[in-house]
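So the sequences go chain by chain: A and B.
Sequential numbering from 1 applies to the first sequence in the numbering used here.
Sequential numbering from 1 applies to the second sequence in the numbering used here.
Heads up, a few of these hints could be off.
Which copy? The list can't say, so a pair holds if one copy fits it or any two copies do.
[To be verified] DSS-like cross-link-like pairs, simulated, lysine-lysine; straight-line CA separation at most 30 Å:
no., residue 1, residue 2
1, LYS33, LYS225
2, LYS111, LYS442
3, LYS353, LYS123
4, LYS253, LYS111
5, LYS459, LYS218
6, LYS417, LYS347
No wet-lab data here; the hints were simulated from the structure.
2 protein chains.
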Amino acid sequence: MANVSRRNFFKIGAVGAGMIALGSTAANADTKKVKYDEEYDVVIIGSGFAALSAAITSAEKGNKVVIVEKMGRIGGNSVINGGLLAVVHSPKQKAEGVQDSVELYMKDSMKAGRNINHPELLKVIATRSNDALNLVQKCGAKFYDKLSHLGGHSVPRTYLSANGSGSGIVIPMFNYLKKMPNVTIKRRTKFEEFILDDTGSVVGILAKEKYRFDSKLKDDDRENKTGKEKYYKAKKGVVMASGGFSRDIFYRKQQDPRISDDADSTNQPGATAGALLKAFEVGAVPVHVSWIQFGPWACPDEKGFGAASNFNINATFRYGISVNAKTGKRYMNELADRRTRATAMFKLVNDNKNYPINICDQTAVDNIIPELAEKALKAGVVKKYNTIEDLAAAYGIPLKELKETIKQYNNYVKAGKDPDFGKPVDKADGVQIAKAPFYGTKGVPKLHHTMGGLKINTKAQVISTKTKEPIPGLYAAGEITGGTHGASRLGSCSIPDCLVFGMIAGENI
Amino acid sequence: MANVSRRNFFKIGAVGAGMIALGSTAANADTKKVKYDEEYDVVIIGSGFAALSAAITSAEKGNKVVIVEKMGRIGGNSVINGGLLAVVHSPKQKAEGVQDSVELYMKDSMKAGRNINHPELLKVIATRSNDALNLVQKCGAKFYDKLSHLGGHSVPRTYLSANGSGSGIVIPMFNYLKKMPNVTIKRRTKFEEFILDDTGSVVGILAKEKYRFDSKLKDDDRENKTGKEKYYKAKKGVVMASGGFSRDIFYRKQQDPRISDDADSTNQPGATAGALLKAFEVGAVPVHVSWIQFGPWACPDEKGFGAASNFNINATFRYGISVNAKTGKRYMNELADRRTRATAMFKLVNDNKNYPINICDQTAVDNIIPELAEKALKAGVVKKYNTIEDLAAAYGIPLKELKETIKQYNNYVKAGKDPDFGKPVDKADGVQIAKAPFYGTKGVPKLHHTMGGLKINTKAQVISTKTKEPIPGLYAAGEITGGTHGASRLGSCSIPDCLVFGMIAGENI
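Given only the sequences and the hints, what does the whole structure look like? Please build it.
What follows is the structure, encoded as structure tokens:
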């Protein structure tokens, strides 16, 4: 096997089920011939929430586990996101007297997802979200005292990592794993191909070690020739937890040709479609792969997720407003689901070349964890103004109209009802835009989450198009799967998705 | 190879690129070992518009062509559909003085498609639609004298087959092909697997002859064990023209779990996802595979496309109205795009268990080809009433409200503007609902078209996820491809899509 060059491998990789079928006897024989470089019980592709959760759960059962991460650092998008985790029937909901239910979580998710979500998966997430919370707390993750109430959720149910970032969850999980002698963590190691036995079970992978992801390449998956091939045996199973494809310029464009090559994304550069497409080749069912979500809370003055996103999620959208800079008027429900908000914002950004301005006051900022405002101010993406006059002048907003908008909005908060856009202003804790200084930031939607992926069942097993049954030995969790979020996911629903199905994959292998 | 049983074949089919890679030398050797039962230049999978168009074009160049159709009859959905063909800059547009353009066709399609259509493919369809018209007219297809003006189109551009059905196009094409000595047509022959050579080129297929499709099986693709395996060599290429998956109970449900197993479809029972999923296994790019279209003009009183669909498309929606049976009021723009209309109708059907009633008068019927009304009346799905009173009584519509609705609608037609729903009433040729007898029919949306599929380029070549270049030897056309229609296609845009890309596949092989 050693003489199968990368180039030949790729060519042969292009050979599909037909030719293979013809080579069946030979292929079967070859299965036995594979010389594995390393042997594990469980091979996990990726190192974000889903991967770490699967690793902890399966390693605690005594399995020998390897985590395979192509990038130089652990944590994928999980370590740079907002650290928001929706939990149903959580201790904080009890403490705050919030009435919630599995059914309400499902209903909120289905509404945002345009009702094409797979309900059996949603139910699992909601039911086991508390177990996921326990898992990360056991690892040492800390959370902000107060629940967040995010757009599209009927009730506050969102835990916010104490440092306002996913790193506050990933790092404790990673440190927990590092202490386990039966867990190996490989960075700069890229999943290349599945190895299957003659019954079609996944029994290992081909990986490339010393892989140097090159973000200067337009298409790393296809152009990067670095790394050294290694065969890893997976005695019990392979878990695909490699995330979404928001940074795959070619593949995302097939789903929406409007997404330009340089369109900004909140994701890390390794978020490509390579692993997903390999799974389709072994017959995984594609689900919802054309749905791509833009995060409506990003800022055009910085790259990626940045510092403004968390400020908007927690401060301006809940306790403030977003206005059209040209008119000074609101144009959307600031707490609507992401798809609705991104569509409304794109209308301004694309049609009118006009970035909306997100605004809140000091009371709003006093209500959130201080780090979020500090980071955003330091980055220069959120700015502080002593008066509304100053803020309006800075962004060129017509002052009279803006003042009128704020006055009207404050009345809506008082009345507990927003007749213009239906924002659930009762969730703003009575905070009006009144106390100086005032905060402003430009808004833009950025590519954030790819809803579609592999079909899994409630045991995190990947389903085959050929049998409609699980592909033996193949599991998946997190953003690489499809169905849980439907057409558009709610904020803070990805982390429980990742953690719960990672945990379940670990439990079932 | 003869001793590779179906069962083993299937198992091996589940083996993916990894294992194959390992068996590379053996697999290459096996390529040469394949004993082909038959040899052709071009193998075409399917026998609808796209397949027949590809067959004619490639056979006229002197190629030896085989058409592989799994069903007992030729024509797939093409032979049972509405026979509507949108053409830009057509002779009839010239005769009727209609100003049209490639850009306008693209704009209309993009609007209906939610702007995710692939513009380069749309442009090809519009530009070459006249060539497609010429092709079928050369075969002897006849069309109704007058252009139809369908929902979502800015101008009349739709040719209607003289017998009001796709059969009026398919049968002449089929008869034309039967006269060509270099064309073989195989019915009850099912595409099973691709054969690829050691460079990854598609060089043939494995088929099953004497296949007996069994519509009593819930899942024919996976459960049917009939047929005898045969290997066909394709010296120049394979064209995938096997259509969409509206009747694939498993696969369509993955994309929208709301679609019940017994949900009715306008499609023939062979419209499954089998061939599409095989193409994903050899690395074809999935595009828009979660978008499924419901035809808003079907009738719950008959199965499938039936006789009411064409009546509604041509008569009631253009020259009449659709009303909520409980209120007697209109609830939508009867000429909106299909997705918009289906959504509005589902709201009535699902939420209120209330089939909408589509209504027109005798003038409307005088304006359409007589066969359409005759067929629908004979089938009992459209009914004739001497008075509005009789019609209202038959469907339990509140009479006073219905009369008021009709009066108002007639005023809108007179004024040339519908302020309620924005129907382009100027396209109704001034026809008011006034002349007895009156016609009524119950409406329901049925599964009609699956927008997504394989990514092709403007040469009808199937694009590979591995190289972003064409998979050598593999072409596709029609409903199995994705991208042309975006999220929702306009009526009469599928036939030009099928004919044009079938023709182009034939030209390029």
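Is it within, between, both, or neither for LYS353 and LYS123, if the alpha carbons may be no more than 30 Å apart?
-> between (41 Å within a copy, 27 Å between copies)
Have a look at LYS253 and LYS111 and pick one of within, between, both or neither, based on CA distance no larger than 30 Å.
-> Both ways: LYS253 and LYS111 sit 26 Å apart in one copy and 18 Å across, limit 30 Å.
Checking LYS33 and LYS225: alpha-carbon separation at most 30 Å within a copy, between copies, both or neither?
-> Within one copy, since 25 Å is at most 30 Å while 33 Å is not.
Copy assignment of LYS459 with LYS218, given that the CA separation must stay at most 30 Å = Classified as between: cross-chain Cα gap 25 Å, same-chain 36 Å, threshold 30 Å.
Using 30 Å as the alpha-carbon threshold, which applies to LYS417 and LYS347: within, between, both, or neither?
-> For LYS417 and LYS347, both the intra-copy (25 Å) and inter-copy (27 Å) Cα distances are at most 30 Å.
Using 30 Å as the alpha-carbon threshold, which applies to LYS111 and LYS442: within, between, both, or neither?
-> The answer is both: 28 Å in one copy and 29 Å across copies each meet 30 Å.
Comparing the model with each earlier hint shows no violations; every hint is respected.
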